[in-house]
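Chains as they are written, first to last, in my numbering: chain A, 4 to 316; chain B, 19 to 815.
These are computed hints drawn from the structure, not numbers from a lab.
Think of the CB as a built atom: it goes at the ideal place given N, C-alpha and C, for glycine as much as any other residue.
Among the hints, erroneous ones may be present.
What the hints assert, rightly or not - Sample of chain B residues facing chain A (criterion: CB under 7 Å; computed from the structure): (1) Lys60; (2) Asp62; (3) Asp378; (4) Arg410; (5) Pro411; (6) Ala413; (7) Arg505; (8) Ser510; (9) Pro514; (10) Gly518; (11) Ser523; (12) Arg525; (13) Asp658; (14) Glu767; (15) Ala769.
Unchecked claim - Straight-line alpha carbon distances no greater than 25 Å define the calculated DSS-like cross-link-like pairs of lysine-lysine that follow: (16) A:Lys181 x B:Lys30; (17) B:Lys30 x A:Lys44; (18) B:Lys786 x A:Lys42; (19) B:Lys367 x B:Lys393; (20) B:Lys313 x B:Lys30.
To be verified - Far from chain B, by Cβ distances over 12 Å, these chain A residues were calculated: (21) Val90; (22) Gly104; (23) Asn220; (24) Gly226; (25) Ser243.
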Amino acid sequence: MQITKDRNFPRAYDLQIVKSYLNVLHKCPIPLIEIERRKLKQMRDRETSNAIREWKRSNGIDSADESEYRYLLRDLCLIADRESIDVDFVLPLGGGGPIVGSFVSSTSRTRVFFLTKRGESLYAQLTYDRLAYESELFWLVLRNQFYLRLIQQIILDRKSYRVDDIRDLIKTNDSTSKNCAIQWLHYFDIARFGHGCRLDNEMLARRLFASAIFEINENFERGETYYVKEIDRRLNEVFSLSPSATDFVAALDTIFRYAEKSVLQGYTSGRDDISLPSRPSISMIKFTSTIPLAIAFQANAAEVLRIIKYIRD
Amino acid sequence: MKEETSAAEFYKLSEIPFEPTGAAVAKYPYVAPKKFSIVEEKIDDVAREKKLYVVLLRAPQGGGKTATATELKRRIEAKKYAGGKGVLLLNGLVDLDFSHYATEFMGQVVPLLPDFKWEKYKDKKSPGELRNAVASVLKNLGSSYNLVVWVIDEFDILVDYPKEKQSQFLQILREIIDELSNERLPILFIMSHTVKSAKEFERHLKEIHGPLQSRIVATMDIGYNYSEVRAIVAARLRSVRREERAYNSIEPFSEDALKELYNLVLAVGGTGELNDFRLFERCCYFVILNGVKNKRKAIEKDDVKQEFQQQYKSWTKTEVGEKLSLALRGERSSILSGTQMMRNEAILKGLVNGFTLMKDQFREITGVSTRYEKKVAPDIHLSSLRFTATHRPTAKKVSAIWILAVKEEGMVLQDDLRAIDPVVLKTLDEASTHINLSILSYVSDIDLDTAQVTNCDRVVRISTDTMRDLIGLSIRVATEDDVDILRKTFDSDIAPLIRGIFEESTRDITKDVTSTVIRLVKALNVSNAGGLKLTREALKEEDKKLFGSSSRVADKHLSDLVALGFAKEEGTEIVPMQPKALNRLDELLHKHSSVKVDRLLTEFSPNGESVLEAAKQLGLVKVDENDVVRRQQDLKKEVDSRVDTIKPLLTKDVKDTFDGEKATQILKAVEKATTLDDIPATIVFSVATELLPTIEKNVKEYSAKTGQVVEKAVAVNEAPPRERQNKTPAKETRHVATQETQREAAKLEEAILSILETEKSLTLEELKEKLAVKGFATDVNSQVLSMVVKNKLKLAS
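Here chain B stands alone, though its shape is the one from the complex:
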């Protein structure tokens, strides 16, 4: 009977070098994945240090679990490790009955320990006795061999049992591990599984049995990258070719087709590496078979797609992971297997889409742009996202930059931050316009100490799971159901941080600064320069003292003062600060001396007008008729002249008046302002030029009323300095004038108090009317305010 030839003949292959079951072991050449070397490193460590290592390993289907263990066994038998004196024990878990496991384990070990007293453990059935037996056998193996690799395969069947059973089984393992750890034994204990990622499985173990999980030294997912998969395919095809081809040829697959298949299978696993080789192999088999049927000379992308969809349907049923749409998985996998630049871009776009889902936080996200910034040695890629967000709870318009740092072959570690921080600074410096808020995020599964990151406002960690979901969120074909699945990690890990960041970390001019806040800024800076330490309430009082009480200062104004970056709270004290925008404006004007309004509006967009207006109101800049902005430079001169005028007017009794107190405070602030930075100093000078003329006028009026003393003082002030000293009023005269002033003030005070005793509360106008009836002057504002300050009067709400 003639033997039927394989359909693969069509492609000049003796057979299709892939198995429909995907379960061919040792039939084809083994190509170790890159991460196989990590297992080998652990083996070396164990043998050298004579320590017990517990490793959680997720080996890929087909190319992994069995094949990895078989390959390890082959290499141990080939005396590759531990000076050739090693042994590998491999048992699969069938259920969580420890006696079943122990029986199989013993059966395998008997030939390895011919001198062991097996009769001691014969007929032992209780879990405690069997545990002792396993531990004792392992101890013996450990002392007889230089390396013992103990593998429990199919470890993930654990999850199919009730939690109590899982816990009992893991407790036995933990006890064995603890016993072995007390001695110097070169044992590598590998728990290998296929379901979920190693990290997810570790989390599960932690929940069921924390103590065992805490003994795991390393967890790893072994997967293949594209070039490794390509090498496997080429090796398999090479082994069955009937015609010579290039060594690395993958014919009949086109490069695009193989890459597409890789991406699609990758999508099922959802990680950046292929970890379901069995599905890949099965697809390869049927693609070739169908290629023959359809007489395709080369297998193209579409053929692969079609076949994958066909095969995938039957595989999805057993999948435990996410239920994302196929279209999304496809696109995500191509991003995951693309360049790091592409992945970064997708993560940042995913973030933007996450923000738009936070309807309670953002009314609008505009001006979105992403940029690849730099590669930092060895393989950290930085990208940035610029956007403007309208923050709903505060109505701030925040211009933000989000810098993302991702390590190509793993997670960002502590040392990497040192390399990242300078790049962040450079990125911020190079920003084309002013930024209110800067955030650095790094992709890592461990929390790093970010104290050393000083160049941005906040640092946010993105876990690898969140990263994958963000990439999914960035994909346009995502359905509503996809978004519901993908947003979970964003909602739980990033959204709560975002709420805090936009509320608390944006300390800059991000909305209009009201006139009340401007007044508070001035009052705070003057008081601070004058050496006063203020609480919130004290600041309100200072504001009232300096600027009167034309409008009420509410708590929201104080909150705005802090939120806009003009102050910070240190305990109960409120301390002046400068918003970043004003610092930036000052820098620009120092550099260019004059800048056009339009340029500044662009620079501080979307808050250009607010920044410019605040700077004008605070006297930091002036804008001329040609719309050119300059720093206020001649303020100091003007202030000095005002100070020279008013100082001599401040006699002892004048100082006791309301205006006198105000003037004294301002003069004190002016004196200290010269030691301050530009911005606070200018604010103080600006307040001085704003208030001193009125104070001077009031003081003069007051003095005119109280008699010659002040007149003399004015006269002295007008005289040349040398004469001034000689013409200082005699002490006696001053004393008389003071007494008279005090008497008058006391009379007025008495009158006010007597009126209020009968009337309880009055408006200022009503009080003036009543005083006029009694023959007092109607200009009693200063007296009333002075009584308020002295707590003799209370302002009714």
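Here chain A stands alone, though its shape is the one from the complex:
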């Protein structure tokens, strides 16, 4: 039997570069593999090769690890590829570079990459709201089922919230994955470098809170009633977390406090189920509209910190 194993993190340390890819791919599909450095080196037409390189540089996607960023975007379901069609060859690369047909033969089976619906949605967030963009990206990282659960390891380890250096708590033999996880946490302002690498508990809680809101908005049916404990369990499962460490019931409680009545409704259960801490009569919730992401950043620190039990204990 073939064993599938979790993938190591791609060597895509700098998540800033994701923005650049979203920007260029939003304009038009791009044959990403054909413009990678190794391909450009083999290109006979030096002038075109230099022009492509210059274009990549000006768009912030010229990196030695470009294929790694392509894997990352693919694994987060932000890009997909298809076989090239005639129109692809007459377009300028990314809207402003050399004509694609000048370096890719129309007879070749070149694959072009484009933004998926999720990618376009993330791009939209990027243009309007940086916080929302980062939160969505964190949500996508947290819920992806391909990579080693290193970020989860940090969240699930009680010691993470106390030690001066969380790097020692990541157990993996793959140093790239470990460094990547730390760099990503740093990008999301969850890990702060100083004397060691400390966790910013509040920011982690806010990011988790925002992820819960994204997950509910995206994957919970409107109009259907869910038990509070069922929501908590589902969120823990999809994020590969554990109810011992996280408490999404507290997140729901806070959502109830801040959201309009038109967004969600609470019901009592006749079976003595888990209820919201500040609303003991509510054990079931119906989501009727999109929960505003802003709640994750409006709520005060005490409210959001409740989401991580290991901070509370």
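Mind docking chain B on chain A? Use the hints.
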């Protein structure tokens, strides 16, 4: 008016010897629990050493708090301790206003100290003054009596007050304790409470007021085991019987019924001992009453169950502990009160269920089996769990054994480890198949120094709280909510360790060994035998040198090399090792000389094929057509013959060539290999037999091109040894040939560099084409590689 007779007459009892309130003190005979003796030991210590002891005591309801204190008082008054000159002060806490406590305390002490100048402290109200008063009174008592037992009852009301108030109150107590500690006073200070376990309460104290907590000498939960409870029931029934029965009779209860009730009440406390006697007593009362109503001759298990559920409902509301389902509590309590063998089994099963909750770590847990191993004197029970786990992050299939050591009457202590370690070794030896990972865990609330445990890969402590939760996790009737509660300790105490253990401690062949890793193993062993110390990058270079660069060595291959047990990292250096599986295979083949493939596949299951394939690839074993596996034994002979052939070919200029360098390195490794262990030596010999024929061929070709010198060398090699010495080529001839070779090499090098100056980068084939145009031979691989090694050329990525 006729006096109504008790319903208990039905059972020929003058009354029901249990109270519905469970609060009868001194009415029935007192049966001291076993742990009462611990309190008595402390009393003796205090009186003998004249020291202040602070003890945290969780006494059971009914049979404990009040009854224990009363019993202590009775025994002190009966002059049982301290030569008959002892005194006991018992006050309950009503609130955290120290003046209230001090007033009550003083009221009790006045008759005990007739000569004390009480007027000095009259009308004192400030906490500081009252603290001084209490301390002064205690000092006086301490010097007037041989023993002072000072009990503050209901100490747990503390938790109902804000943290600042708790802290203030505890600070006063701490100051009194510190003052008394400075003098030689025989005072035993007992803080007694009922809520939570003594350990939990101690943790709470630590959080609120660490300095006070650190002054606690001992903490103890006083509870009853089944035989003690049975004795109490029998004693009470005996005292009201109207008809003679056997001395220890518990009629009308059946043995099963009483045991069931004990288990159910135990479940409420969650410890291995009954510490809620009041609930037990209340149930006994109503069970008998209902037995009379229903005309039951004997009270059976089901009657007890029914009554308990009825009574428990009203008690749960005041319970502060876990909210586990009743069914789970029932089953857990019967396990807790069962044999240690049962408890061990449940803990191990709970562990397996914990693993399955770690979805980020394990894709599959198979081959689960548990076994009771041995009882080690005096009362440590060892059990083992075998399982195969498919580890998600690494795709390893790990065959593991988890050995559990639990002490029946408490926690495993440092000295116990000495007795446990040999049993672990025996258990591992007796394992029917090969084990990749062995873990020993011991149940204890203290961290032990495990350096002396040498026979397993890792040691894990399981706290008693975690143990209880693991037992709960093992129970099939556990609901999702139960699991959420019970997994907490597993998630916080065990899961983080598991992540590290499976990632870092499994250094064995637990998945297929790729050909690149095999190459690295060979390169590492040859280099090491040749005296080279390698870093990761240097190993990559050595691999390239020995085996060419047909496939790229990535970091993941180096990580696999370490993860599969072929190497370890010491600082930046990478040092060869042998995976446990290969050692085991070697042992087996030494013992049996030949083993069938099927047997080996079973032995190393689930990685049998990977182990066998790796052993074959490394030249450690050969498999014949009948599927019989044998050690490679004739390698040394073959290698010696190869060495004899190639050695004379390695003239000074040949040594400078790429093949020459390779040959020199291999010969050096072969020479040293004889001093190595079997496995590394065989790997070196295997590499020699694999590479030397090609090197020999290349050297010969090279020599043919460079002229007679090497031809002569070959001729010499073919000649008998005695002649060989005489026919060694003249120095002059060799010198000429070397110069010629060097000139040619220099020319070729110049040509390559000039081509690359204009072309920047080329593939090898393109370079060969360009050289051919310029009239050079196309066989330039060795020259190019030699230039790469000398850093004159760079390989483009």
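Hints broken by the structure, by number, lowest first?
-> 1, 2, 11, 12, 13, 14, 15, 16, 17, 25
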